[in-house]
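**Student:** These are the residues of each chain, in order.
There are 2 protein chains.
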Amino acid sequence: MAKIENGGVCFPKGFTASGVQAGIKASGNLDLALLYSKEPARCFAAFTKNHVQAAPVLYDKEVLSGKNIINAVVINSGNANACTGDQGYADAASMAELVEKELGLGKFSALVGSTGVIGHLLPMEKIKAKIPELVKNLSAENSELFAKAICTTDTTIKTGSVSLKTSAGEIRFGGSCKGSGMIHPNMATMLAYITTDLRLPEDFSTEFRAIVNESFNAITVDGDMSTNDTCILLANAQSGVFLNDLGITEQADIRNALFDLMKHLALQIVWDGEGATKKVEIEVCGARNKAEAMQIAKSIATSSLVKCAFFGEDPNWGRIVSSAGASGVPLAAAKLSLYFEDVQVVKNGMPIAAAKEQLVQIVKRREYKISLDLSLGDSKASVFTSDLSHDYVKINAEYTT
Amino acid sequence: MAKIENGGVCFPKGFTASGVQAGIKASGNLDLALLYSKEPARCFAAFTKNHVQAAPVLYDKEVLSGKNIINAVVINSGNANACTGDQGYADAASMAELVEKELGLGKFSALVGSTGVIGHLLPMEKIKAKIPELVKNLSAENSELFAKAICTTDTTIKTGSVSLKTSAGEIRFGGSCKGSGMIHPNMATMLAYITTDLRLPEDFSTEFRAIVNESFNAITVDGDMSTNDTCILLANAQSGVFLNDLGITEQADIRNALFDLMKHLALQIVWDGEGATKKVEIEVCGARNKAEAMQIAKSIATSSLVKCAFFGEDPNWGRIVSSAGASGVPLAAAKLSLYFEDVQVVKNGMPIAAAKEQLVQIVKRREYKISLDLSLGDSKASVFTSDLSHDYVKINAEYTT
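Chains as they are written, first to last, in our numbering: chain A, 13 to 413; chain B, 13 to 413.
This is chain A alone, in the form it adopts within the complex:
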C-alpha cells in the first residue's frame, strides 16, 4: 500500500487553488473555492445517479459531453443549487463563465460544483463580487484553504496525497473531499476533487469509474445518494510521465496508489460524523461476481437493524445474515460463513459456538471488519459503514427547515 501523506489538491505540479468567504454561509466561513491548472487537464468525472440532479451536475455533464479537457473547477458551499429549475442552471453556467473570463480562458474551460441547502437560488451577486479575489489568490500553497472552502457540516477538512517514483520520473496525486459521516439534513453529500501531474489516456475513464466504485461508491451512511455527489479527477501531464509509456508493474503501482488515495479520502467521510461511534468494514467474499458481492455488502451496510446493533456493541449475526438474504442476490443459505474479524460465528448457514468473550471484545472496538463468505465463487467487495446512534436520530430529527 502506498504511503498516503497530507498534501492536498496542489500537491501535484501545476495546480493552484484558493478559497474565499463570499457570504453564502450565514456562519461567515469560507464558501467559495477554485482549483486551477494553467495547462489544460484531462478530466474524468463521476456524478450522482440520483434522478434529481442539481444544476451544477447537469451543467458539468453538459460541458463534459462535448470535451474532456478543462482548466478550472469553481465550487461553492452553503447552497446546493438543487431543485432550482432553469434559473439554477443559468446560475451554474454563469458561475463557470465568470471564472473563465477572470482567468482569460475560453468557454467551457471551467466546471462548477455546489453543496449545501436544497431549494434556494445561489446569491449570484455575492459570488460575482468575489470571483476577482478568488482568482487573484490562486496559489500552490492553498490546498488547505480549498479543502476548507468546500466543507459544509464536516468537522475536519479531508485531504490526502501520494507520490511515486517511476522509471520516467516522479508523479504525484493529491485530493480533497467533503461530506459528513452523518449526512446532514438537506446538505448535498459528497464532493471529491483529485489532481495529478501524470498524463493519463482518454480510456482511463473505465478504470477511474472502477476505482470510484470501490472508494467513494463503497461508503454508506444512509444509503441515500444526494442530488450533488461528484467526483472529479484532473490530469495535467506536468510531470512529463505518460501512464501508457510505463511498464505493466509500474502502471499497476500507479493505479493502486490512486485507489489507496481515493479510499483514504472516502473513509474520512464515513468516519467524520458526530453521530458515528463505530467504523465497520463489511466484506462479502466467495461471490459469483463483484457486482453481487457489492450489492449484498450494501444491503448489510445500510440496514438500520444492523447499524443499531453496531452501536449497541451486539455481535448480532442473525440480522447480518437476514440482510444479506434480503439484498435480492440469490445465495445459498446453507453455504454461508460469517466472521467478526477472524472469529467465525456462522458455518454452513448455522451459528456455531464462537468464542463469546473474543466476540464481545471485537464489537467493542471503534473499528472492525465483518466478513461474509457466500462460497459461490471467487469475487469479493467491501463497503465501509458507520453505526446508527442516538445522536444520528437526534441531529437529523432536530434540524428544522
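The set of hints was computed from the structure by calculation and includes no laboratory data.
Computed from a predicted structure; not experimentally measured.
Heads up, some of the hints might be wrong.
Any copy, or any two copies together, can satisfy a pair, since identical chains are not distinguished.
[As the list claims (entries may be wrong)] Keeping only pairs whose Cα atoms sit at most 30 Å apart, straight-line, the calculated DSS-like set for lysine-lysine is:
| hint | residue 1 | residue 2 |
| --- | --- | --- |
| 1 | 347 | 73 |
| 2 | 392 | 61 |
| 3 | 359 | 37 |
| 4 | 406 | 381 |
| 5 | 381 | 61 |
| 6 | 61 | 302 |
Got chain A; can you put chain B on it based on the hints?
**Tutor:** For chain B alone, coordinates are given in the frame of chain A:
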C-alpha cells in the same frame, strides 16, 4: 369501503382454532397455535423473498408445489426455526405430521409457521407433548387465543373480519397477523392468516398476490424482509358461494372487502411499535406504472433521513425529493409536485411558498399523508411507514444476543 369488524380467523364458517402454552417462550405466554378447517380449503400463499428462508417457509413451499388444498396450519412463536439447517427442516415437517396424525388427516394436509429468535432448533419434545391438547381445544370461539399465540414482541393482538351479503348468500372473511412496527432484533417479522368461507377459483392466486403487494408488502419499518414472512389465505367454500358465479359488481365488492381487511391487518403491524410515534402514508402518483410508483414510495419510506424528519416533525421536502430521485426509477425532476396532505410544497421540482403554519400543524399530527406527483402517467401506489425515533435506536441497540 367495507366495514371491518373485530372477528378473527374463526369468523367465517367452518374454521376452528386454538392456542396453547408449550414452553417455547421463556415468558410462559401462549406459543403454539392451530388453525383448522374440517372441509379441505384452497390455499393461497405468499412468502418472503429473502434468500435466507426459514425451515417452515421451505417446507410450506414444498407442500404447496404439489397441491393447494389443505386443512390446517400449525404455528409456533418464540423460535423462528431459521438458520437451523437440515434438522430445522425435519422439525418443520415433523410439526406438520404430528398435527396431521392427531387430526386424522392425510400427509401434506397441514402447513407450518414459525416466528421468534433465529438460529435455535425447535424444542420438539415440548411441541410434541402439546399437540393433543392443541387439537382437543379446537373451537370456533378461539380466534383471540390463536391471535395471541402467534405473537412475539407485538403489544396487541391483530385481528379483523368483514362480511358481505351477496345475491347467493352471505360470505365472510376473517384474519389475524403478527409483527411489530419496530421489527425486533432477531425476531421473524410478519405472519398473516386470512380465512374465508367463500369458494375461490384456483386462478385467484394472481389477485391474491396483487392484494398482498398493496397490503402486507406495502408496509415498511426497516426495509428488511425477514427470513419467515408468510401470508396465507384459506378458502373452504362453506358459505356455498362461488366467486365466479357472482356478477362483476359483486365480485369487485368482494375483492375490495378482502383488500380492505388485509390492509387493515397490515397497518396494525406498522402502527404497533414502541418506537413509532408517527404513521405516514407515502403516496406516489402520476407514475408510468404501479411498479415504479411502488419502488419510489418504498425508497422514500425506508430512508433513514426521511424517517428522522417525521420523528422531528420537520416538513423536510428536500429529503423526500432526494430519496425519490435515488430510487433508481427515472423521473423528471422539473415535473415533481409534493404535497403534505393538501398543502403543496413543491411545484415543477421547485419549492413554493407554502402555508408554513398549516405545514407545521400537519407534521405534528400522529397520522398524515404525503403525496408525490411525478406527472409522468396515471399510476399510483402507497406505502405505509413509521418514523425513526430515539426509542427505535434504544430498543434495537440494547438487545443482546
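**Student:** Tell me, please, which holds for residue 381 and residue 61 at an alpha-carbon limit of 30 Å: within, between, both or neither?
**Tutor:** both (28 Å within a copy, 27 Å between copies)
**Student:** At most 30 Å between C-alpha atoms: does residue 359 with residue 37 qualify within a copy, between copies, both, or neither?
**Tutor:** Cα proximity of residue 359 and residue 37: across copies only (26 Å, versus 53 Å in one copy).
**Student:** Within, between, both or neither: how does the pair residue 392, residue 61 come out at a Cα-Cα threshold of 30 Å?
**Tutor:** both (23 Å within a copy, 23 Å between copies)
**Student:** Please sort residue 406 with residue 381 into within, between, both or neither, judging by C-alpha distance up to 30 Å.
**Tutor:** both (27 Å within a copy, 23 Å between copies)
**Student:** How would you label the pair residue 347, residue 73 (within, between, both, or neither) given a Cα cut-off of 30 Å?
**Tutor:** between (44 Å within a copy, 20 Å between copies)
**Student:** Could you figure out if residue 61 and residue 302 sit no more than 30 Å apart (CA to CA) within one copy, between two copies, both or neither?
**Tutor:** Classified as both: same-chain Cα gap 19 Å, cross-chain 22 Å, threshold 30 Å.
In terms of the numbered hints stated before, the structure departs from none.
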